[in-house]
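A.B. asks: Sequence:
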Amino acid sequence: MKNFLVLLLAVTAFQWTACTRPDGMYEKDIPLPGQQWAGNFRPTFTFDISDKDTAYRYTVFIVIRHTDAYNYNNIWIRGSIRQPGDSVVRNDRYDLLLATNDKGWLGTGMEDIYEQRVVIQQSTKFSRPGEYSFALEQVMREDPLKHILNVGVRIERAP
7 MKNFLVLLLA VTAFQWTACT RPDGMYEKDI PLPGQQWAGN FRPTFTFDIS
57 DKDTAYRYTV FIVIRHTDAY NYNNIWIRGS IRQPGDSVVR NDRYDLLLAT
107 NDKGWLGTGM EDIYEQRVVI QQSTKFSRPG EYSFALEQVM REDPLKHILN
157 VGVRIERAP
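Per the working numbering: the sequence shown = residues 7 to 165.
A few of these clues could be false.
[Unchecked claim] Cut-off 27 angstroms, straight-line C-alpha distance, at most; resulting in silico cross-link-like pairs (DSSO-like, lysine-lysine): (1) Lys109 with Lys152; (2) Lys34 with Lys58; (3) Lys58 with Lys152; (4) Lys131 with Lys58; (5) Lys131 with Lys34.
[As the list claims (entries may be wrong)] Cβ pair distances, simulated, as ranges: (6) Tyr78 with Pro135: 13 to 23 angstroms; (7) Glu148 with Lys109: 21 to 31 angstroms; (8) Gly115 with Ser93: 20 to 30 angstroms; (9) Glu148 with Pro90: 16 to 26 angstroms; (10) Val95 with Pro39: 22 to 32 angstroms; (11) Ile126 with Thr60: 17 to 27 angstroms; (12) Arg134 with Asp108: 42 to 52 angstroms.
Hints are computed from structural coordinates only; laboratory data are not their basis.
Each residue gets a CB set at the ideal place from its N, CA and C atoms; glycine is no exception.
Modelling step: build the complete structure from the supplied sequences, incorporating the hints.
C.D. replies: So this is what it looks like as structure tokens:
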């Protein structure tokens, strides 16, 4: 019985550590209503940077999940970031390549659903501790933009 309890405790500890995120990583995806991204729907992601996290560099990704019925090889997105204590928002436009005519969809796929993590900032620093706010907006000509399932942001500590 004692060996069984030790084994059960070890398995539970392994499962608990396997589910935790590595230090220095944030990821959140938001499902889009009706599998389409309306121009007025601006998902916002907030994350905290501690004093110790300001010493590191990070890679920032935009995560897009779409179906193979998506009509374009790319997607134009406006990203807006607000730093802690600022009322000013910095805006950047990103042209994210999702497919090529030669290779097809560039992301990973299963059945008819594809996901892609596209790097938008490499080796960036978050210089101030506190809460950062990052909003995404699709700026394509088609509105609503059909066959987009989820959109998200991933931030991981750079190697």
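A.B. asks: Confirm or reject each hint.
C.D. replies: Status of each hint after checking the structure:
no. : hint                                   : in the structure
1   : Lys109 with Lys152                     : 22 angstroms, holds
2   : Lys34 with Lys58                       : 22 angstroms, holds
3   : Lys58 with Lys152                      : 41 angstroms, violated
4   : Lys131 with Lys58                      : 12 angstroms, holds
5   : Lys131 with Lys34                      : 20 angstroms, holds
6   : Tyr78 with Pro135: 13 to 23 angstroms  : 39 angstroms, violated
7   : Glu148 with Lys109: 21 to 31 angstroms : 23 angstroms, holds
8   : Gly115 with Ser93: 20 to 30 angstroms  : 41 angstroms, violated
9   : Glu148 with Pro90: 16 to 26 angstroms  : 35 angstroms, violated
10  : Val95 with Pro39: 22 to 32 angstroms   : 24 angstroms, holds
11  : Ile126 with Thr60: 17 to 27 angstroms  : 20 angstroms, holds
12  : Arg134 with Asp108: 42 to 52 angstroms : 43 angstroms, holds
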